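Chemist: Let's have the full structure, built from the sequences with the hints guiding it.
Protein sequence lines, in the order shown, are assigned to chains A and B. Position 70 of the first sequence, counting from 1, maps to 70 under my numbering, and the rest follow consecutively. Add 282 to a position in the second sequence, counting from 1, and you land on the number used in my numbering.
No lab work stands behind these hints: they were computed from the structure. Note that the structure is predicted; figures quoted are calculated from it, not measured. You may find that some hints are simply not true.
[As the list claims (entries may be wrong)] Mimicking SDA-like on lysine to any residue, the simulated pairs with C-alpha atoms at most 25 Å apart in a straight line are:
hint, chain 1, residue 1, chain 2, residue 2
1, A, K165, A, A176
2, A, K275, B, K474
3, A, K16, B, K291
4, A, K9, B, K326
5, B, K326, A, L129
6, A, K97, A, T177
7, A, K189, B, K291
8, A, K9, B, V389
9, B, K577, A, R154
10, B, K383, A, K2
11, B, K291, A, K9
12, A, K5, B, L463
13, A, K2, B, K474
14, B, K457, A, I151
15, A, K5, B, A381
16, B, K291, A, V185
17, A, K97, B, I307
18, A, K16, B, G487
19, B, K291, A, I163
20, A, K184, B, K326
21, A, K98, A, R154
22, A, K5, B, L470
23, A, K184, B, S284
24, A, K134, B, L310
25, B, K293, A, G175
26, B, K345, B, K578
27, B, K578, A, K2
Now for the letters of each chain:
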Amino acid sequence: MKRYKIEEKVFNVLMKVATGIILLSLIWILATIVYKGLPYMSWDMVSRTPQGGFYMGKEGGVLNAIVGSLYLAGGSTILALFISLPVVLYLNVYRRKKSAFSTFIRSSLDILWGIPSIVYGAFGFTLMLLFGLKTSLLAGIITLTLLIIPIMIRAMDEVMLTIPKGLFEASYSLGATRFETATKVAIRKTLPGIVTAILISFGRAVGDAASVLFTAGFTDNIPTSLSQPAASLPLAIFFQLGTPVPEVQGRAYASALILTLLILAISLSSRYFTKRYLKNKI
Amino acid sequence: MSSQGRILKDKIAHKVMLAFVWLTIILLLVIALGLFIKAWPLFKTVSISDLLFSTTWVPYEGKFGMLSFIISTFWVTGVATVIAVPLCLLCAIYLSEYANKKVIAWVSPLIDILAGIPSVIFGIWGVIVIVPFVRDILAPMFGVSSTGYSILAGGIVLSIMVFPIVIYVLLEVFKTVPEDLRNAALSLGANKWIMIRKVLLRKAGPGIISAIVLGFSRALGETLAVLMVVGNVVDLPSNPLEAGYPLPAMIANNYGELLSIPMYDSALMLCALVLFVIVVFFNIIARIILRRIEKKIS
Numbered sequence: 001m002k003r004y005k006i007e008e009k010v011f012n013v014l015m016k017v018a019t020g021i022i023l024l025s026l027i028w029i030l031a032t033i034v035y036k037g038l039p040y041m042s043w044d045m046v047s048r049t050p051q052g053g054f055y056m057g058k059e060g061g062v063l064n065a066i067v068g069s070l071y072l073a074g075g076s077t078i079l080a081l082f083i084s085l086p087v088v089l090y091l092n093v094y095r096r097k098k099s100a101f102s103t104f105i106r107s108s109l110d111i112l113w114g115i116p117s118i119v120y121g122a123f124g125f126t127l128m129l130l131f132g133l134k135t136s137l138l139a140g141i142i143t144l145t146l147l148i149i150p151i152m153i154r155a156m157d158e159v160m161l162t163i164p165k166g167l168f169e170a171s172y173s174l175g176a177t178r179f180e181t182a183t184k185v186a187i188r189k190t191l192p193g194i195v196t197a198i199l200i201s202f203g204r205a206v207g208d209a210a211s212v213l214f215t216a217g218f219t220d221n222i223p224t225s226l227s228q229p230a231a232s233l234p235l236a237i238f239f240q241l242g243t244p245v246p247e248v249q250g251r252a253y254a255s256a257l258i259l260t261l262l263i264l265a266i267s268l269s270s271r272y273f274t275k276r277y278l279k280n281k282i
Numbered sequence: 283m284s285s286q287g288r289i290l291k292d293k294i295a296h297k298v299m300l301a302f303v304w305l306t307i308i309l310l311l312v313i314a315l316g317l318f319i320k321a322w323p324l325f326k327t328v329s330i331s332d333l334l335f336s337t338t339w340v341p342y343e344g345k346f347g348m349l350s351f352i353i354s355t356f357w358v359t360g361v362a363t364v365i366a367v368p369l370c371l372l373c374a375i376y377l378s379e380y381a382n383k384k385v386i387a388w389v390s391p392l393i394d395i396l397a398g399i400p401s402v403i404f405g406i407w408g409v410i411v412i413v414p415f416v417r418d419i420l421a422p423m424f425g426v427s428s429t430g431y432s433i434l435a436g437g438i439v440l441s442i443m444v445f446p447i448v449i450y451v452l453l454e455v456f457k458t459v460p461e462d463l464r465n466a467a468l469s470l471g472a473n474k475w476i477m478i479r480k481v482l483l484r485k486a487g488p489g490i491i492s493a494i495v496l497g498f499s500r501a502l503g504e505t506l507a508v509l510m511v512v513g514n515v516v517d518l519p520s521n522p523l524e525a526g527y528p529l530p531a532m533i534a535n536n537y538g539e540l541l542s543i544p545m546y547d548s549a550l551m552l553c554a555l556v557l558f559v560i561v562v563f564f565n566i567i568a569r570i571i572l573r574r575i576e577k578k579i580s
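Modeler: Have a look at this one:
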C-alpha cells in the first residue's frame, strides 16, 4: 500500500511535468515566432507584393501570398461546404438511426481524414494532368477542397449528433418533411457549430502547404483569374527561408508571424462560436 | 405549397444527398486508382521488389529503389512516437483523472491551438530552435558531429505536432471506461493510482494502442515541417543523429523536376501510393479497435 502511495506521488509529479512540457512547447513556438518575426514586421510586408529582387533582399512584401492564401482557403471552404452539408444532413436527418451504412460512411470519412495532405497534393497533380490544367488557383482550390471535406464533415457531424431526438419528432409531428426538418430545424439549431466547422476547415486550408505545392504553384503577382497560379503564405515562408540572404530569412519569420496571427484569429473566433453553440444547447 | 410538391422536394433532396455521400466515399478509391494508374508504367519496366526493397535511387538511370525513403519515414515517425507517447499518456491521465475543472479549462484550449498551428510554423521553429539544439548539445553529448538537420530533429518536431491528436483520442478512450468501474475499485479500498493502473489502463488498453497508431499514422504523412529539419540526404540512416529523407519530404522536394526525367512522375506517384497504403492500413487498424470499444459500450 505504501509503495503505491509513493508511486502515485512520483507519477503525479511526472504527469504535471508532461502536461507542462506539452503546453510549454506551444508557448515556446509562439514566442519564437513573435520574437524572430516582430523586428522584420513592417507595413510593406502586408501591403505590397514582391518587387524586383525581393528574394535578394530588395523591397516588397508578401501581399501576394496573403491574398493567394485567402483566395485558396476561401474558395475551397465554400466548395467544401456545398459537398459537406448534404452529406452531414443525410447522415443526421435521413439516416438518423445507426445502421451499417451510416457506420460505413463515417468510417470512410475517418480514413479520408487520416490521409496526408501530400497524398492529396499528388492526387491533385494527377487530376491536373488528366484535365490538362496548369498549376493554378483553380487546381489549388480543388485539391484543398478534397483535403478539408473530411475535416468539415466530421466537425459538423459532431454537433449535429447532439441534436435531441425530441426535436426531430416534434418537427415530424407537425407534418414537416425530412428535408424541411433538415433545413429549418437541424441547420438552424446547429448554426454556430456549423460556423465553427467552417472556420476550422478554413484554418486548415490556410495553413496547408503540401497539397498546394503541386497544384497552385507560386507567383509574385496577385491572381486575377482562376487559371493563374497563386502564391500561399506557407510556401512563401518556405521559399524565403530557403534563401541564403539574412534579410529575406527575416521576412520569412515575419511571414510566419502573419500566418500565426491569422490562424490564432481563426482559432479564437471558432472558440467563440463553439461557446455560443453550447449556450443554446438544450 | 402542395403537400405533393413538398414530398417530391424531400425525395429529390434525398437522392442528391445520397449522391454526395457516394461521391465522398468513392473519393478514397479514386485517389488510390489515380495514383496507381500514374505509377503503372513503372511496374512494366522495373520489378516491384526492385522498387520497394532497393536503396539505389538514380532517376537519370531509371533506378527507383525507395527503400531508404521508406526506412527514413519509419525512423522519423518512430522517434516521434517514442517521445510523444509517454508524454501524451501522462498528460491524458492527468487531465482525465486528476486535474480539476479550472486546469482543464486552461489546458484544453491551448491544446486546440496547438492542433491548429500549420506545419510550416513547426518547421520554422524546428530550424530556429531544434536544429541548433541537436547540433550543439545533443550530438556532442554522444560524441558525434552533426549538422543538426537530422532524423532526431524531425522526430522531435513531429512529436509536438502529434500531441493534440493522441491526447484527444486518449481522453475519448478514457471517457468510455464506465464511472461505476472506477468507483467499484475505489470502494474496495484502492487509491486513485491503483485504480488507474489496474482498472483504467487495463480497460483502456486497446484504445490506448489505437490512439498511438492514429498519432503514428498522422506523423507518417507530415511533410513540410519534417522536410525543413530532417536533412534530406538519400542514404540508409543507421542512427537518429544522421540525416534522413522520408517519403513525403522526397515527394515535395522533387515536384519541380517531375516532368523533365522519364518515369520520374510515375516514381513520385508510386511513392505517394506507398504512403497512402501505409497510412490507410494503420488508420483502418486503429479505427477497427475504436469502433469495437464504442460498440461494447453502447
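Chemist: For every hint, state whether the structure bears it out.
Modeler: Here's how the hints hold up against the structure:
1. A:K165 to A:A176: Within the cut-off at roughly 15 Å; holds.
2. A:K275 to B:K474: violated (32 Å)
3. A:K16 to B:K291: Violated, at about 56 Å.
4. A:K9 to B:K326: violated (62 Å)
5. B:K326 to A:L129: Answer holds: B:K326 to A:L129 is near 21 Å, not above 25 Å.
6. A:K97 to A:T177: holds (17 Å)
7. A:K189 to B:K291: holds (21 Å)
8. A:K9 to B:V389: Roughly 21 Å separates the two Cα atoms, so the pair holds.
9. B:K577 to A:R154: Given pair B:K577, A:R154 holds - Cα atoms ~19 Å apart, limit 25 Å.
10. B:K383 to A:K2: violated (29 Å)
11. B:K291 to A:K9: violated (64 Å)
12. A:K5 to B:L463: With Cα atoms ~21 Å apart, A:K5 and B:L463 stay inside 25 Å; holds.
13. A:K2 to B:K474: holds (13 Å)
14. B:K457 to A:I151: Roughly 23 Å separates the two Cα atoms, so the pair holds.
15. A:K5 to B:A381: holds (18 Å)
16. B:K291 to A:V185: holds (16 Å)
17. A:K97 to B:I307: holds (19 Å)
18. A:K16 to B:G487: holds (22 Å)
19. B:K291 to A:I163: holds (23 Å)
20. A:K184 to B:K326: violated (56 Å)
21. A:K98 to A:R154: holds (16 Å)
22. A:K5 to B:L470: Given that 25 Å is the threshold and the Cα spacing comes to 16 Å, the pair holds.
23. A:K184 to B:S284: holds (18 Å)
24. A:K134 to B:L310: holds (24 Å)
25. B:K293 to A:G175: holds (15 Å)
26. B:K345 to B:K578: violated (50 Å)
27. B:K578 to A:K2: violated (35 Å)
Of the numbered hints listed earlier, those contradicted by the structure are 2, 3, 4, 10, 11, 20, 26, 27.
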